[in-house]
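Chain residues, written in single-letter form:
Protein chains: 2
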Amino acid sequence: MTRTDDGHPGLARRSLLTGGAAGLGAAFGTGALLGLGGGLAGARALQPAGGETEPSGCEAEPFGGEVLPCHGAHQAGVVTPPGANIRYLAYELRDETDADALGRMFRILTGDIEGLTSGVAPLADPEPELAARPARLAITVGIGPEVLRRVAADPAPDWLGPLPVFSRDRLGTGYDGGDLLLVVQADDATAVAHAARMLDRDLASFARPRWRQHGFRQARGAESEGTTTRNLMGQLDGTVNPAPADEDFASLVWLGEESGPLAGGTALVLRRIRMELDTWDQVDRPGREQSVGRRLSDGSPLSSPPGSGEHTPADFAARDELGLSAIPVAAHIRRAHSSNPAERIFRRSDNYDDGTEAGLLFACYQRDPLTQFVPIQRRLDEVDLLNEWVTHVGSAVFAILPGFRAGETLGGSLFA
Amino acid sequence: MTRTDDGHPGLARRSLLTGGAAGLGAAFGTGALLGLGGGLAGARALQPAGGETEPSGCEAEPFGGEVLPCHGAHQAGVVTPPGANIRYLAYELRDETDADALGRMFRILTGDIEGLTSGVAPLADPEPELAARPARLAITVGIGPEVLRRVAADPAPDWLGPLPVFSRDRLGTGYDGGDLLLVVQADDATAVAHAARMLDRDLASFARPRWRQHGFRQARGAESEGTTTRNLMGQLDGTVNPAPADEDFASLVWLGEESGPLAGGTALVLRRIRMELDTWDQVDRPGREQSVGRRLSDGSPLSSPPGSGEHTPADFAARDELGLSAIPVAAHIRRAHSSNPAERIFRRSDNYDDGTEAGLLFACYQRDPLTQFVPIQRRLDEVDLLNEWVTHVGSAVFAILPGFRAGETLGGSLFA
Chain A
1 MTRTDDGHPG LARRSLLTGG AAGLGAAFGT GALLGLGGGL AGARALQPAG
51 GETEPSGCEA EPFGGEVLPC HGAHQAGVVT PPGANIRYLA YELRDETDAD
101 ALGRMFRILT GDIEGLTSGV APLADPEPEL AARPARLAIT VGIGPEVLRR
151 VAADPAPDWL GPLPVFSRDR LGTGYDGGDL LLVVQADDAT AVAHAARMLD
201 RDLASFARPR WRQHGFRQAR GAESEGTTTR NLMGQLDGTV NPAPADEDFA
251 SLVWLGEESG PLAGGTALVL RRIRMELDTW DQVDRPGREQ SVGRRLSDGS
301 PLSSPPGSGE HTPADFAARD ELGLSAIPVA AHIRRAHSSN PAERIFRRSD
351 NYDDGTEAGL LFACYQRDPL TQFVPIQRRL DEVDLLNEWV THVGSAVFAI
401 LPGFRAGETL GGSLFA
Chain B
1 MTRTDDGHPG LARRSLLTGG AAGLGAAFGT GALLGLGGGL AGARALQPAG
51 GETEPSGCEA EPFGGEVLPC HGAHQAGVVT PPGANIRYLA YELRDETDAD
101 ALGRMFRILT GDIEGLTSGV APLADPEPEL AARPARLAIT VGIGPEVLRR
151 VAADPAPDWL GPLPVFSRDR LGTGYDGGDL LLVVQADDAT AVAHAARMLD
201 RDLASFARPR WRQHGFRQAR GAESEGTTTR NLMGQLDGTV NPAPADEDFA
251 SLVWLGEESG PLAGGTALVL RRIRMELDTW DQVDRPGREQ SVGRRLSDGS
301 PLSSPPGSGE HTPADFAARD ELGLSAIPVA AHIRRAHSSN PAERIFRRSD
351 NYDDGTEAGL LFACYQRDPL TQFVPIQRRL DEVDLLNEWV THVGSAVFAI
401 LPGFRAGETL GGSLFA
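Chains A and B, in that order, are what the protein sequence lines are.
Position 169 (the first sequence) corresponds to 169 in UniProt numbering; numbering is contiguous.
Position 284 (the second sequence) corresponds to 284 in UniProt numbering; numbering is contiguous.
Hints may contain errors.
[As the list claims (entries may be wrong)] Cβ pair distances, simulated, as ranges: (1) A:Arg285 x B:Ala73: 52 to 62 angstroms; (2) B:Glu357 x A:Ala318: 46 to 56 angstroms; (3) B:Arg168 x A:Val383: 49 to 59 angstroms; (4) A:Arg405 x B:Asp284: 17 to 27 angstroms.
[Unchecked claim] Incomplete in silico selection of chain B near chain A, CB under 10 angstroms: (5) Ser205; (6) Arg208; (7) Asp246; (8) Glu247.
These aren't lab readings, by the way, just hints derived from the structure by calculation.
We treat Cβ as the ideally placed atom computed from N, Cα and C, and that holds for glycine.
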């Protein structure tokens, strides 16, 4: 873990908001983030109620009405700005959910997603006022191999199923696998809660809930620009991450034509990584920094001077004044590092803390988990100083479906 | 329930931020909200990391560094701006925690609160970087009767203990009572998680966790000004609420000199109110509006025309064109209403949704729950159209301690 997050310098949240999204490809472009007008009949209460005057000067517009378009070559929620609140909702298909039923299910999901993410409540939404403030809601849909079997599409790719066993895994705590995944994220927890409830209700006749996980990251508007999010161990988490603008991003992350009906989608690996924060807190600062290979203060690699910043490349050959490796041989960033550029993954993790257990909802996107996530995790599973304080207690792999355009149905390629 | 929130017009969050806090009394005043400088040695990463230029024009300052002072006649967290994320942490005292130990515990808590809320990590904080972005963190401490017994202070007030039994209560689900309460809230979930962990660790030798509850409300910056927060039933929740600027606010909410060591504190009633959202969703809109007595769209009372707004006073004598009560006789707002102005409470509730259960963390502050909350709840328990969809499954009463000033110790009056 601590291979997290999407906080690479090319994808700061504010720069997306202000038209800096030019390099992000077909999924969305300039002007993609729109303030929602008060078009909804029930949304009057969303206007200022009088008696309160805004102070003059620079005031941020409320972002509750902001919309992240759901249409595009790729689904929203993978490279679009991450929401401060996220829920992963996994389901098992009911026995009677055959290909026809799945077709209906995807049509219903399409309508729900188009409505909820645009702030115009779907017709069946009993609480349209809760839908009217989507706060950049994104709903991303993934499938397990069972969906492919039932629609009799091409055989599932090798990687779509349980990952190989890692020796330190302690799975079986209730957060493994699933036939269907919804990733619901927004900058407002109420928007997420409402969308999750709507989707749950509309899926009820097709699938049963299997597990759900809630995550969070720094609140929108709280952040300092250009700084990667910290995880609950205090680490800047996810410093090294491919950027959507990188030349090889598509070949690392988006499934290609060889993936047939999944082309334009991606493979998600979600790992629930429990942190032993009580014992972590007892380690002194140098000990913690040696375990990671970076300074806690600014994320600079131990191979560079303090203050050199998190984006200074780690020099794994550097020695300290005693002739020892500046970055210890078993430090997390050394073990996670690969010299093979094709072995990279696009990380996008969140913290979780349910009151009794805390850690990281480690999420990464890639073309092939077996050749990208697995070799990295094998090295970490074998040796990583951080292992004393982290345990993988949940694991799931889903094929994130390709994007869809207005007039199309999400998942339509499965039935083509 | 749905008697919630603090969203009365006099306490909009932004007006506090911009110096509109003049009427709020001694607890805090103009200039109370300060941007935190980069004083912390480890906080370099909190500065923009270069390579990213802010677009010109109006841009909100990140609020992660904002501080809500913890010192004053009253503790922060009661009338100060509510955080988007909140945790209620209840503890049971260990057998060996005698008066001396409680004295030590309160001294430790004082230091933790002063440090964490000011963004300057307490010395013992192993993750000072996580403390550096408090995002208006407030930590509020309450006690049960056992603390008063152990410090051999005056006898506990009558109201400090379990509430009278209400016929519809279904308590015993694990969210009742407690000897000690911490209310931790901020606009950033990471700040809350970090503070909760620090406090938990420092309390470990004095007390055991009893229960914990997480709540949320609309994200900071998402809101439209002047609108009360919606609960998960879609209702504008907490429209009628005394305002800290009201002449009788102090006599309604803050404990007076007759309360001895608790003077300057207040009484908190916390009720976990489960919502049956699945069946609520099946009721048509008119049915839901009749149950509440207000329109879902804008919160206007059914006694006034649509669009008249949530702050139009309800006219309980009004009749519709058929001669029936415009606000049904068993509607929630009619049953909750009292003609006795001394029976009012200061509500400040949040939503909860742990994936399997959702509802409201109903919180209210007052001088005496037995004469303020209890008569209201008796009426609702007896008859309230909303009862079909809400059940109280947790209940606790705490004495929120008086405030403390710099150089003083929180809870010091208990030992005077």
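For each hint, the structure was consulted:
Remark: the range hint 52 to 62 angstroms for arginine 285 of chain A to alanine 73 of chain B is contradicted by a beta-carbon distance near 38 angstroms. In this structure, glutamate 357 of chain B and alanine 318 of chain A meet the distance hint of 46 to 56 angstroms, their C-beta atoms being roughly 52 angstroms apart. The hinted window of 49 to 59 angstroms between arginine 168 of chain B and valine 383 of chain A holds, with their beta carbons roughly 58 angstroms apart. Checked against the given bound of 17 to 27 angstroms, the beta carbons of arginine 405 of chain A and aspartate 284 of chain B, roughly 35 angstroms apart, lie outside it.
Interface hint at serine 205 of chain B: violated, since its Cβ lies 13 angstroms from the closest Cβ of chain A, which is beyond the 10 angstroms cut-off. Look at arginine 208 of chain B: its Cβ only gets to about 13 angstroms from chain A, farther than 10 angstroms, so that hint breaks. Look at aspartate 246 of chain B: its Cβ only gets to about 15 angstroms from chain A, farther than 10 angstroms, so that hint breaks. The interface hint given for glutamate 247 of chain B is broken, as the beta carbon of that residue sits about 19 angstroms from the closest beta carbon of chain A, more than 10 angstroms.
When the structure is compared with the earlier hints, violations turn up for hints 1, 4, 5, 6, 7, 8 and for no others.
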